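Chains A and B, in that order, give the protein sequences.
Terminal number for the first sequence in our numbering: 234, no gaps in between.
Terminal number for the second sequence in our numbering: 196, no gaps in between.
Source of the hints: derived by calculation from the structure; they are not laboratory data.
Keep in mind that this is a model prediction, so the values were computed, not measured.
The beta-carbon is built from N, C-alpha and C at its ideal position, and this holds for glycine as well.
One thing to keep in mind: the hints can contain errors.
What the hints assert, rightly or not - Each pair of labels, with its calculated beta carbon distance range: (1) A:I61 / B:S68: 57 to 63 angstroms; (2) B:C92 / A:M77: 19 to 25 angstroms; (3) B:V148 / A:A57: 18 to 24 angstroms; (4) A:G171 / B:R118: 41 to 47 angstroms.
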Amino acid sequence: MSELTRRRLMTALPIIGAGALGVGFWKMLGGMGSGNFDPHAVNAPILNRPVPDFSLPGLPGMGDGFGSDTLKALTQPVLLNFFASWCIPCVAEMPELREIGKRIPIWGIAYKDKPEDSVRFVQRDGSPYQRVASDRSGLTAIDWGVTGVPESFLILPGGRIAWHGTAALSMDTLHTEIQPRLSAAEAGK
Amino acid sequence: MKRAPALALGLVLIATPAFAVDDPSEMLPNKQQEQRAEAIGAQLRCLVCQNESIEDSSADLARDLRHVVREHVARGESDRQIMAWMTARYGEFVRLKPRLSVGTVMLWAMPVLALLAGLAAAATMLRRRHEAPPLSEEERRRVAELSNATGQD
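Please construct the entire structure, taking both the sequences and the accompanying hints into account.
Here it is in structure tokens:
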């Protein structure tokens with residue numbers, strides 16, 4: 046009798062193991078489909094962390110720059126937008142940025158751009174930004190995990206990063222991705 | 044200016060295309076450190092082109108990251124420290140060679156486990172076919188009963 050159960054156990058173990066792996070893979074695939082699991086997620090590590098340390102100068106004639114201290118002292122949520130005058134999607138997102146800026150303040154960081162080019166770019170049709178800083182070396186952007194412009198972050202009061210978007214901002218993104226996180230943050234208070 | 048054409052030709056021959064790592068101004072003066080930096084860079088994914096290492100890529104961000112790696116190497120940081128610095132910013136995806144984790148162990152273990160499961164299943168099936176299981180106490184009694192019954196007839 047004990048001989049028989051042991052043999053059964055020996056047979057069952059690998060099958061159970063393979064079954065468990067199967068379930069694991071199934072879950073991974075499901076997560077990839079629904080967007081909960083993304084093996085290519087380059088930007089996951091910064092989420093739900095405080096903003097990285099930095100301090101950047103402003104653009105000529107456009108006020109002071111800002112840094113991590115300024116963001117940590119915030120009492121209301123802010124969208125941080127990395128942009129450059131040489132980046133075409135940045136040109137494309139500007140009209141929508143102006144609209145979004147009416148709902149939630151947007152702060153800009155000019156990425157690897159000549160300050161005078163940035164100023165011309167921002168002021169051409171009216172600036173969507175409340176404050177603008179200049180990251181000429183692009184090293185601050187690396188600390189944020191930015192891989193290319195435009196990229197945006199939702200920063201909650203106290204300087205916690207709640208969302209990271211790697212495409213041009215749009216009203217659609219505001220409604221489907223940013224607003225739910227704002228509501229969640231409100232509810233969690 | 045007889046020499047001008049020769050000079051021009053010479054310059055053309057000297058000029059090499061500005062390939063990613065071949066720009067000497069990027070390299071560290073210390074040869075050992077430079078080799079280490081290249082080895083580390085070869086393990087880091089260029090996040091713009093994604094299937095090239097930052098040492099192979101000519102993307103702007105790759106050049107910046109190469110520079111950062113060299114700064115960290117020159118500061119005397121270990122490979123592990125530099126990799127940790129990168130993964131803190133860009134996640135595990137930045138490693139071209141994934142680290143051992145539950146997910147990667149699963150990936151590697153799958154063929155072995157599948158083979159074991161198959162062998163076990165085959166073994167039990169073969170054994171079942173060849174050897175009849177020994178009679179239980181109950182069955183032996185029943186056989187004896189039946190043979191006794193036929194003997195009486």
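Verification of the supplied hints:
Checked against the hint of 57 to 63 angstroms, the C-beta distance between I61 of chain A and S68 of chain B comes to roughly 59 angstroms, which is consistent with it. In this structure, C92 of chain B and M77 of chain A meet the distance hint of 19 to 25 angstroms, their C-beta atoms being roughly 22 angstroms apart. About 21 angstroms separates the C-beta atoms of V148 of chain B and A57 of chain A, a value consistent with the hinted range of 18 to 24 angstroms. Separation of G171 of chain A from R118 of chain B is about 44 angstroms and conforms to the stated range, judged on CB atoms against 41 to 47 angstroms.
Checked against the numbered hints listed earlier, the structure breaks none of them; every hint is satisfied.
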